[in-house]
Structures are given as C-alpha cells and as structure tokens.
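Number of protein chains: 2
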Amino acid sequence: MAVRECPHIVIVGAGFGGLYAARAFNHAALQLIVIDRQNYHLFQPLLYQVATAGLSPSDIAYPIRSVLRKQENTQVVQAQVLAIKPREHRVMMADGIVDYDYLIVATGAGHSYFGHSEWEKLAPGLKSVTDALAIRRRILGAFEQAEREPDDARRRTWLTFVIVGGGPTGLELAGAVAELAFKVMVQDFRRIDSREARVILLQAMPRVLPTYPEALSAEAERALRGLGVEVRTNTAVTAIQPGWVAVGDERIPTATVLWAAGVAPSPLAHSLGVPLDHAGRVLVQPDLSIPGHPEVFVIGDLAACVDQTGHLLPGLAAVAVQQGYYVAHHILNRIQGRSSDPFRYVDKGTLATIGRGKAVADFRVFRMSGFVAWLAWLAVHLFLLIGFRNRFLVLFKWTWAFMSSQHGARIIIDGAETSSSADTGVEERATGTRGLRGVDHGETCSG
Amino acid sequence: MAVRECPHIVIVGAGFGGLYAARAFNHAALQLIVIDRQNYHLFQPLLYQVATAGLSPSDIAYPIRSVLRKQENTQVVQAQVLAIKPREHRVMMADGIVDYDYLIVATGAGHSYFGHSEWEKLAPGLKSVTDALAIRRRILGAFEQAEREPDDARRRTWLTFVIVGGGPTGLELAGAVAELAFKVMVQDFRRIDSREARVILLQAMPRVLPTYPEALSAEAERALRGLGVEVRTNTAVTAIQPGWVAVGDERIPTATVLWAAGVAPSPLAHSLGVPLDHAGRVLVQPDLSIPGHPEVFVIGDLAACVDQTGHLLPGLAAVAVQQGYYVAHHILNRIQGRSSDPFRYVDKGTLATIGRGKAVADFRVFRMSGFVAWLAWLAVHLFLLIGFRNRFLVLFKWTWAFMSSQHGARIIIDGAETSSSADTGVEERATGTRGLRGVDHGETCSG
Chain A
1 MAVRECPHIV IVGAGFGGLY AARAFNHAAL QLIVIDRQNY HLFQPLLYQV ATAGLSPSDI
61 AYPIRSVLRK QENTQVVQAQ VLAIKPREHR VMMADGIVDY DYLIVATGAG HSYFGHSEWE
121 KLAPGLKSVT DALAIRRRIL GAFEQAEREP DDARRRTWLT FVIVGGGPTG LELAGAVAEL
181 AFKVMVQDFR RIDSREARVI LLQAMPRVLP TYPEALSAEA ERALRGLGVE VRTNTAVTAI
241 QPGWVAVGDE RIPTATVLWA AGVAPSPLAH SLGVPLDHAG RVLVQPDLSI PGHPEVFVIG
301 DLAACVDQTG HLLPGLAAVA VQQGYYVAHH ILNRIQGRSS DPFRYVDKGT LATIGRGKAV
361 ADFRVFRMSG FVAWLAWLAV HLFLLIGFRN RFLVLFKWTW AFMSSQHGAR IIIDGAETSS
421 SADTGVEERA TGTRGLRGVD HGETCSG
Chain B
1 MAVRECPHIV IVGAGFGGLY AARAFNHAAL QLIVIDRQNY HLFQPLLYQV ATAGLSPSDI
61 AYPIRSVLRK QENTQVVQAQ VLAIKPREHR VMMADGIVDY DYLIVATGAG HSYFGHSEWE
121 KLAPGLKSVT DALAIRRRIL GAFEQAEREP DDARRRTWLT FVIVGGGPTG LELAGAVAEL
181 AFKVMVQDFR RIDSREARVI LLQAMPRVLP TYPEALSAEA ERALRGLGVE VRTNTAVTAI
241 QPGWVAVGDE RIPTATVLWA AGVAPSPLAH SLGVPLDHAG RVLVQPDLSI PGHPEVFVIG
301 DLAACVDQTG HLLPGLAAVA VQQGYYVAHH ILNRIQGRSS DPFRYVDKGT LATIGRGKAV
361 ADFRVFRMSG FVAWLAWLAV HLFLLIGFRN RFLVLFKWTW AFMSSQHGAR IIIDGAETSS
421 SADTGVEERA TGTRGLRGVD HGETCSG
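Protein chains in written order, with the numbering used here: chain A, 1 to 447; chain B, 1 to 447.
For reference, chain A alone in the conformation it holds in the complex (with noise of 0.2 angstroms):
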C-alpha cells in the first residue's frame, strides 16, 4: 500500500515547532509539506527588539525555503490554512487542500485581549514583523509628536508609553522603550527632553514573571525600576480609550498602550473537532497526538501539555524544539512499526532579559541575575538563531548598539497602520495658525 511505503507528512505552521519537526524529517523516505502563512521563520524571542528599534525583520527572520532547500523529501507551501478534517486527512487551505497520513499542528498563538477586542487597535500586540513595525512607529512617531506639542498636557501624553503585561514580553519591552527614551533619543530633540518620558509597566498579578522563582521576580523588577519604569503590581487594566488607559477609578493618559499581556491560541483548533483547554489549547494525549486521531499532533503554543507533576508547560521556544523533535521521532518509529515513550520535557532552564546588560536565567541547579546572566541571555539567542549571517549581524549590531548607545533601525517605515489622532487619542488641534505645534524658530542664535 503506498501510504505505508511513503508516508505523507504535513505540518502546518514553521515557527519552532515546526520548522524543527521537519528538520528532524531530513533523509527520510517519507513525503513532507510544510505550509506556513509567511514564507520566512520568524525568531520571536527577539522580536521586541525590532519593535524598539534595535534590529531589522531580516535579522531575525529567515527564508523556510533555505532552511529547508537542501531537504530533498520537503515542500515549502505559503498559503493561509482555514480549517482541518482529522476524519478526512486532509488541510484546507484559502486556495487549495492538502491530504495527509500524519499531520503535525504547529501554529502557535496571537493576542488575547480578554473579550475586549475593542483594544486591539489600541493596544496593539507583539506577534509578526508587521506587529513589530507597527509598534516602531507607535514608539518613535509619539516622540516626533511631543517635540511639536506646545501644550503641556498633551505633549505629557505623548510621552507616556504604557506597557500592559509582566512576563517576559512585557518586561523587555518596557525596559527596551525605557532604554530609548533614557538613553539613546537622549540627544535628537530640541524642545522635549526624552528623559521626562515616562515608561509604566501594568502588571494584574502580584508580581512580574510569575512563573519564575520569587527572588528573580524581585530581582527583575528592582532591575526594571533602576532603568526608570515604573511597575505597578496587582494593579489590572479596566478600560482602554483613544488617550488613556484606565486602572480602576484612575485614568492614565497616554497615547500609547503596548499590549503583551493575553495570549490567545491559534483558531485552528477549534477545526480539529477535540476538547480545548478554558483558553482555547489543545489537550493533548502523553504522545502529544489529539484523542481520536493518533496521527494528529498538535505541538507548541497551541497544545495544552502536562508535565509530570500535572504543570501545564509554559508557551516557550525551548518546550516547542522539544515537541517538534519529539513528534518527528514519534511517526518515524510508527512507519517502522515501533513505539516510543511519551514527551518529556526536560526544563533547561530560563532567562529573561531587562535592558542593557541585565537579566535574569533560572536553571534549576542554579539561579542568577545581572551582568552574567545577561551574558548567558546573549549567547543563548544567539545560538537559537538560525544561519551564520544572522547570527553575525545581531552580534554586530548589540556590540554596536553597547558601545555607542544608539540603536541603528530607529527609522518609521511606513504601513496600513499609522499612529493617528483618532488611534492615540490626542486631540486634532486646529491648522493655520502661525507658529502652530511648536516650530518656531528659536529665540537666540545658537550655532
């Protein structure tokens, strides 16, 4: 029967789970599609620095096809996936169907917004690279504003940057916008100084980094609060409006809010017809295949997968490269007509980084924080990324960016989004009046 002599694999989604599934496929004598949305693996992980200015798209995202070009038994399809039919083996496409013997779904998570998707364009999240260009020019744009803002309530607005979540996201983001606005911006205005921004990092639970060890949650926040954000604990957002956030009776005006708090899985599950966790994850079977379907795996952000102490595992890459070898392994021992053990996850450690030379990595054995573990943080992701070039870049450009405190991508590339009145939440204030939003000329010769 031809399906038992060359299998038919599908994965769907080339994040980390994915992309390192089909990796583990190479020489096999099997068939392997992958399909993903974009035709590029996105290093998420750094994303938040494209986000602030630090690196470009490109640095961080690598073309599938090359990764996979040398990878005879594999296809790269870019095409957006609608739905699943497990009972029919087969993936719908927006413009086309693919069949399969074993599937593999690995397409990860966008943003929650809590049943408040009124935020999102308010609030916008940290997912793709047009996220990340988005923001740029959120970021950058408010302090174009400010420096022509005469009125000083408005230009306070401009100026004050609201970051809503305490994991790691959250964290780097409100340290990487303290770092721009405390130190590399420092010198491009005339009017504003960029030191009186304020950076407010709006965290519900009782401590950032909830899922770390309390003394690095401490230690991330002292960190945190040395660059000048201001962390505010058990303090939950209750509204967002054109020009402020809301936490309980107390309004915040600010004219941008970053959002990097819920996490909301991929839609997809719901096609696979299983049981879904209250967030809308996959709960997955010990091999990580759905119940019904022991071709069917789900894998990364998207499945609800269990430790052996009855943890749910944490949405990171580590946990994805593990499930992506791990299933890869699994189907290559079934087409022989072997078994293998259930997934185990074996917990390497973490590390979360918080500005400029600090951060904080729990490795079980042992926990630290600041300058060493920044270290550790650095050559960590820059082992992760994937190709010599990109490597060599994001080395040069943080060697670049640590010697001369500039950060080189401060440049607003223009998009479908872009930060206006109606979205900020700053009044339109009225044209035609001489010496309007604070182009004067100065008073004094100063040359």
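In case anyone wonders, no lab produced these hints; they're calculated from the structure. On a predicted model such as this, the values are computed, not experimentally measured, just so you know. For each residue, glycine too, the CB sits at the ideal point set by N, CA and C. Don't take each hint at face value.
Said to hold, decoys possible - If you want the footprint, here are the derived chain B segments under chain A, 3+ residues with CB under 8 angstroms:
| no. | segment |
| --- | --- |
| 1 | 58 to 68 |
| 2 | 135 to 149 |
| 3 | 188 to 199 |
Stated by the list, open to error - Rough simulated footprint, nothing fancy, chain B against chain A, three-plus residues with beta-carbon under 8 angstroms:
| no. | segment |
| --- | --- |
| 4 | 38 to 51 |
| 5 | 66 to 73 |
| 6 | 124 to 135 |
| 7 | 139 to 153 |
Position chain B against the provided structure of chain A, taking the given hints into account.
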C-alpha cells in the same frame, strides 16, 4: 533687526541635497529647521537592493535627527509640506506653518507614468522604502505563486518579470532580479526551476543608459544579456493591464511589471509660482534661486539646472550634494554681505552596476567596465553611505552575498499593498478541488 542678526533658514526635504546643505550650516550663527515627511535620510542609489532582498531598509536609511544631533542650531521636524508661499515667506505644512528668511526646497521627484496614472498600481516604481518593500513582496510572491501553479501558461506569467526603463535604476533592478532568479533561488523550489524565469528590460530609446557614452551603453547591454536579461531597445510600452504589458501589437504576459522610466518632480514646485520646464522642474537662476525671490533656492531633482554647455544636469546624488553645499555657502556669504559665483557642477563621473561583479563607469578622463568598475562602484557607494555602522553592515552583506550567492533579506513583509490576482492579472482559481494548486505530495520517496 532680529532677522539680520539671527537668520531663519528652512530646508524642505532631507535627501542628498537637503541634508548636505543642512550639514554645511553647522556652527553657523543662524536658526535652521529641516522638514521631511520621513524621519530618515534614504540612500536611494541602493534602494533597488532592498527591493531585491539584498539589503534591509535600515541598512540604507539613517535617522535625520541622528545625523544632525550635534548641530545645535538645527531643529528637525517630521511633517508633510503642502505648499510654499514665497511672498509671505512661509512654508505651509499639513499641520502647521513655518516662517523663513531663506528657504531651500529639495523635495526631489516621484514617478511619472506619462499621463497614464492608472499604470501606477500595476507597475510600481522605486522611490521610497514602502515602494521597495512592495516590489520585494511582488517579486518573491510571484515565485511562490508559480511554485503552486499547475497551469503552464499561468506559471509562465508568474515567472515573467518586465522592467520598464533603461536608465541606471532599470538596469540595476533587471540585473538584480535576474540574479535572484538565475542564481540565488535556484535550489529553493521543488516544482519550478527558477531559472525558467524571464527578465525583460524594455527601453523606449535606442540604447540603454542613453546619457552615458555609447561604448558603455553597449558594454552594459552585453553584461545584462550575459546575466540572462532580455534587453529590448526602441521598445515603448503602449499599454499595461492586469496580466500583461503591450509593446505595439505584441502582448507580453506577465504578473510583475516594475517601473523605472519616468520621473515627476515634486508637485510642491507649482506652489512657488515660477516657470517650470516641460517635466515640472523649477527653472532656477544661475545661483539656484528662483526668479523674483533671491531668498528661495531649489536644488536636486526638483531643479532644472543647466551646466556651462547648456545641458540639463542629470538627477544624480552628486548633483544634489554639490548644489546643497553651494546654496548653504551662498546663503552664508549673503548673510555676511558677500556675493557668490554662480553654481558650477563638477562632474566626477558616473557609475552604474549590472549584477554581481559587473559595472560600467565613466570618469570622463577614462572609462571602464567589468569587475574593476564594480569595485569602484562598491567603494563609492560605501563611502557615500552615512555612518560607520551602515557602511559595515552593507559591506558585510555584500561580501556574504558574493561568497554564498545567498540574499539574506529574502523575507516578504506584509504591507497595505499585497500581491493579489487583481493586481497581477493571473486568474483566480476555483477552490475546493483536491490537489488544487499543485500541492500534491510527490509520487516517490526521495528522502
């Protein structure tokens, strides 16, 4: 009188002309405002490499504030200028007004479609970062579509690239697209051979590079053909429709048409109220001021400026840079009550490159072509880039591409414009049939 003591200078546009003028005012006892609609200076001569995935936007863009950060007499304003009122000495922005004693207008040029503005959507030109990313998206997207296209004729349409215009930009684009198709992407696909692509350069005039010496035109055409580009001179485009371009009675089926033919000076010229030439450029006086307003200067691509022999100066960075320096020093002289000689362009030669390792150069005293000309091209462009960081990054990426035949920025970044069937003219397929769009698994196991 305040005006005499501390003159107010305004520069509109921070391209080569505007930025080099601004830098020449460093340390002068005056107040300078530089207005640009972007927050960065763009190194346009390398923009085609962003479009063809060799470089990232931030490699060739530099924040204007960073360039001028140490120049204390200078403010930078990011704004759109709508009109100039020379009689009132005022610059009208979308959201404000600035007064001036001296004004330098350096807003450059966009695309001209020779009265066929409906072609713009079908055949994008290359002037901005947004343009470059849109063109990159079209080129890479066409290969993705071809890979999935089961119909032979439609696949050939996706794989046909037409570049309109035989000046330096057209040649550089055609050469770079040919390299992508015939070298860089060769191993990337499974169903198509990217070498089957056709790259066609359409030039209405009798030869490419018509402003260069004839021998160099011939050399450039030979080099293009060597790269696999079909060069068609004396061939004017008569129609562009979704899915094809017409040259006379012949229709060339193509999904990707790129425009490098016409240049339209910035419409701001009209608001000056002075005579323009047939193309819309401002006819400037020998000192680059406009008639009746010795305090208003026009430089760069927006100026129609003739050299000593009565020839119109070409739209080159070198011309704009020299004009910027000249006008700045002319204004400084004027403030100190001194006169200046008329502007005189010193032609140091021109260069154009045609793919990796080939270029033509006309240094007036001698001409050259081939590898040595290409090295000269590299050196000149690296030297003109602003900032060590960008020079280093570009040099590294070029070296990497040269050694590995890989382009690192081969990622498709989403934007407002996406390559759809509506624009490209390749018919939509009915969806829902099995195996549609060529994503069948292969017949045999090739692992």
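Verify the coverage statement for the segment 66 to 73 of chain A against chain B, using a C-beta to C-beta distance below 8 angstroms and requiring 3 or more qualifying residues.
-> That given contact holds, which follows from 5 residues of the segment 66 to 73 of chain A lying within Cβ reach (below 8 angstroms) of chain B.
Are there three or more residues in the segment 188 to 199 of chain B whose C-beta lies closer than 8 angstroms to some C-beta of chain A?
-> holds (count 4)
For the segment 124 to 135 of chain A, does the count of residues with a C-beta closer than 8 angstroms to a C-beta of chain B reach 3?
-> holds (count 4)
Tell me if chain A covers the segment 58 to 68 of chain B under the three-residue, 8 angstroms CB rule, please?
-> holds (count 7)
Proximity test - 8 angstroms, beta-carbon atoms, the segment 38 to 51 of chain A to chain B, at least three hits = holds (count 3)
Taking 8 angstroms as the C-beta cutoff, is the stated coverage of the segment 139 to 153 of chain A by chain B satisfied by three or more residues?
-> It holds: at least three residues are needed, and the segment 139 to 153 of chain A offers 4 whose Cβ sits within less than 8 angstroms of chain B.
Go check the segment 135 to 149 of chain B versus chain A for me, would you? Three or more residues, Cβ under 8 angstroms, otherwise it fails.
-> With 4 residues close enough to chain A, the hint holds.
Hint compliance for this structure: every hint is met.
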